[in-house]
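One-letter residues, chain by chain:
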Amino acid sequence: MSYVLILGAKGDMAKELARVYAKNGYNLYLAAREASTLEDLKQDIEVRSGVDVELVEFDITAFETHEKFYTSLKKRPLGVIVVAGFMCEQKVAQNDWSKTLQTINVNYTGALSILNIVANDFEKERHGFIVGISSVAGDRGRKTNYIYGSAKAGFSAYLSGLRNRLYESGVSVLTVKPGFVNTKMTESLDLPKNLTAQPEDVAEDIFKAQQRGRNIIYTKSIWMFIMLIIKHIPEFIFKKMSI
Amino acid sequence: MSLLSWGMFPNIQNKIFTLRDEKSLSSYIKETDEFIPYGNGRSYGDSALNDNIIYAKPYNNFLSFDDKKGILHAQAGVLLSEILEAFVSRGWFLKVTPGTKLITLGGAIASDVHGKNHHVEGCFSECVEEFTIMGVDGKIKSCKRGDELFLATCGGMGLTGVILSAKISLKKINSKNINQTTIKTKNLKETFEAFENNKEKPYSVAWIDCLAKDKDIGKCLLMVGDFADDGNLEYKSKKKLTIPFNFPSFALNTLSVKAFNYLYYAKAKDGISKQKVDIDTFFYPLDAIGDWNKIYGSGGFTQYQFILPKEQSYKGLKEILTKISASGKGSFLAVLKLYGKENKNYLSFPLEGYSLALDFKIERGLFELLDALDEVVIRHGGRIYLTKDVRVSKETFEKGYPQIEKFRAYRKEHKMDKKLNSLQSKRVQI
Numbered sequence: 000m001s002y003v004l005i006l007g008a009k010g011d012m013a014k015e016l017a018r019v020y021a022k023n024g025y026n027l028y029l030a031a032r033e034a035s036t037l038e039d040l041k042q043d044i045e046v047r048s049g050v051d052v053e054l055v056e057f058d059i060t061a062f063e064t065h066e067k068f069y070t071s072l073k074k075r076p077l078g079v080i081v082v083a084g085f086m087c088e089q090k091v092a093q094n095d096w097s098k099t100l101q102t103i104n105v106n107y108t109g110a111l112s113i114l115n116i117v118a119n120d121f122e123k124e125r126h127g128f129i130v131g132i133s134s135v136a137g138d139r140g141r142k143t144n145y146i147y148g149s150a151k152a153g154f155s156a157y158l159s160g161l162r163n164r165l166y167e168s169g170v171s172v173l174t175v176k177p178g179f180v181n182t183k184m185t186e187s188l189d190l191p192k193n194l195t196a197q198p199e200d201v202a203e204d205i206f207k208a209q210q211r212g213r214n215i216i217y218t219k220s221i222w223m224f225i226m227l228i229i230k231h232i233p234e235f236i237f238k239k240m241s242i
Numbered sequence: 000m001s002l003l004s005w006g007m008f009p010n011i012q013n014k015i016f017t018l019r020d021e022k023s024l025s026s027y028i029k030e031t032d033e034f035i036p037y038g039n040g041r042s043y044g045d046s047a048l049n050d051n052i053i054y055a056k057p058y059n060n061f062l063s064f065d066d067k068k069g070i071l072h073a074q075a076g077v078l079l080s081e082i083l084e085a086f087v088s089r090g091w092f093l094k095v096t097p098g099t100k101l102i103t104l105g106g107a108i109a110s111d112v113h114g115k116n117h118h119v120e121g122c123f124s125e126c127v128e129e130f131t132i133m134g135v136d137g138k139i140k141s142c143k144r145g146d147e148l149f150l151a152t153c154g155g156m157g158l159t160g161v162i163l164s165a166k167i168s169l170k171k172i173n174s175k176n177i178n179q180t181t182i183k184t185k186n187l188k189e190t191f192e193a194f195e196n197n198k199e200k201p202y203s204v205a206w207i208d209c210l211a212k213d214k215d216i217g218k219c220l221l222m223v224g225d226f227a228d229d230g231n232l233e234y235k236s237k238k239k240l241t242i243p244f245n246f247p248s249f250a251l252n253t254l255s256v257k258a259f260n261y262l263y264y265a266k267a268k269d270g271i272s273k274q275k276v277d278i279d280t281f282f283y284p285l286d287a288i289g290d291w292n293k294i295y296g297s298g299g300f301t302q303y304q305f306i307l308p309k310e311q312s313y314k315g316l317k318e319i320l321t322k323i324s325a326s327g328k329g330s331f332l333a334v335l336k337l338y339g340k341e342n343k344n345y346l347s348f349p350l351e352g353y354s355l356a357l358d359f360k361i362e363r364g365l366f367e368l369l370d371a372l373d374e375v376v377i378r379h380g381g382r383i384y385l386t387k388d389v390r391v392s393k394e395t396f397e398k399g400y401p402q403i404e405k406f407r408a409y410r411k412e413h414k415m416d417k418k419l420n421s422l423q424s425k426r427v428q429i
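Top line first, the protein sequences correspond to chains A and B.
So for the first sequence, numbering that gives the first Met the number 0 puts the first residue at 0; every next one is plus one.
So for the second sequence, numbering that gives the first Met the number 0 puts the first residue at 0; every next one is plus one.
For reference, chain A alone in the conformation it holds in the complex (with noise of 0.2 Å):
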């Protein structure tokens, strides 16, 4: 069976991913650093599922080892998923460059680093499947996350136009748009419980999106009415919100 490759593959989202791909018959490459970290989560899906995990060295943010870290995988893998993620403060992020660095290199440059060179592959093999985990913080910058909101803009941004060139080679492309999801990353914060998905959830709906070949979607579905009133909302009213 085919292997999915799972970028950022430490926290809760990514850990629930995993697993759904597992129980659905996919082997899997858990990339992250410190991938010696996840030996759990490797016994975990083989006790589970009975498929092939490996465990494989991967930093986002360090750009020149993407080549080589892609074409030493031992099979071509049929899916790329990338979880891999860094959100903090905006107050810290604005007031600290290199934190507001790190966001971006982790959340976009690096992103679209490994995705440039699976894309290539993908496209020359007319086969595959990508997924990006973009966030609703990426539909508008709002003052109390644009530094965040605006590298996940950029993602999405880039992940609009990789469908949109990989379309003709069959490949697709799949953009997440997660709200609240109550993982490690938010656990402090007091998230409204109507509007925060569980990461199994949010796991279950992006397997299902991506194996439907839908383009985006939002979850848990109801971001996409509150994005879609916020989007709207005119800018000389909108700059005067806090929200």
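Some hints could be false.
[As the list claims (entries may be wrong)] In silico DSS-like pairs for lysine-lysine, Cα to Cα no more than 27 Å straight-line: (1) B:K166 / B:K94; (2) B:K273 / B:K200; (3) A:K22 / B:K67; (4) B:K314 / B:K200; (5) A:K9 / B:K14; (6) A:K41 / B:K273; (7) A:K41 / B:K22; (8) B:K235 / A:K22; (9) B:K185 / B:K214.
The set of hints was computed from the structure by calculation and includes no laboratory data.
Could you slot chain B onto chain A? The hints should help.
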């Protein structure tokens, strides 16, 4: 974000610690004055609620599986549904499962849950080989069958520590299907006879019409079954419907209850009918509707579940069903079941006899009705199920559980009584 129980009552605020690793749990336990573990929030009342909650569901790795002996080793946050997803297709099933698969392994042990085969296989603890648990000193202990910690923890409502992992034995099956026979009865006498006549069947449960009056009291649909032998093991959890918001409370009036009951009656028109149904339909009918608890409205609901010793069951049940029927507080769901022998665990619910479980919307006058039912239960030597309870008094609880003093002494001896508490444990002073 606060965590509520399945009954959405009481609606309280709490602080959540998410269990991800043993080290941070150990420090949390040492630093925190009082707390209670919480799994997937499927206990109905206040048994997993307090100001500080240890949310254990994310602690959910599978650790190993011995496919010769059928023994699974997993962390306590694993859901039973995940075990089924992993193992039904390989020909394994849970030895004991309750009516929902959406509970954690740790929760199953803490409530010592039981299912439709209690009269044959007993409680969940029967399939637990051993487990690890973190005590109030922040240290991990392993526990085997026969240890006092085992007797106190299985059914101990999370009051002896935080269960971390367990080894459980699974049972071999040759099909994902169950051959089910549905038997219609006219009254309580017939219902009891039907249970007795089907005692050798591995799975049985009855749906009772709680609105029936007079001579019809106790009329039911008894469903018995056993796994088929057709070799079909293709299993995937069904897509679930979801109820997106709390229903307005008037949605659950007598009419809707009657309509619901009517549907169940249409199923066995000729007295007895046979069906082949799959695991989800047979064991977990309500799991097909996600968040069905919202149907009771935002005020919440509770489930009243009691058990009476066999020789007292007929008299006691008749009295209770008469009281419920007269109260007009109809229950959406009423489940009757014949149980097998009691086990030795200090606080496990089952004993040999009949248990009835019914849902009630939280409303004025309800607790008075339930107090009156308690009196009948105690008079007939029965007890109330803590996993469902949100309001039972200390006196009623104590009368039902003769081993409570052993449990209290054990908690005191190991200094659990100050740190490990739920709202329920404080109410009934466990």
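A quick look at each hint next to the structure:
| no. | hint | result |
| --- | --- | --- |
| 1 | B:K166 / B:K94 | holds (13 Å) |
| 2 | B:K273 / B:K200 | holds (14 Å) |
| 3 | A:K22 / B:K67 | holds (22 Å) |
| 4 | B:K314 / B:K200 | holds (25 Å) |
| 5 | A:K9 / B:K14 | holds (25 Å) |
| 6 | A:K41 / B:K273 | violated (44 Å) |
| 7 | A:K41 / B:K22 | holds (21 Å) |
| 8 | B:K235 / A:K22 | holds (10 Å) |
| 9 | B:K185 / B:K214 | holds (9 Å) |
Checked against the numbered hints above, the structure breaks only hint 6 and satisfies the rest.
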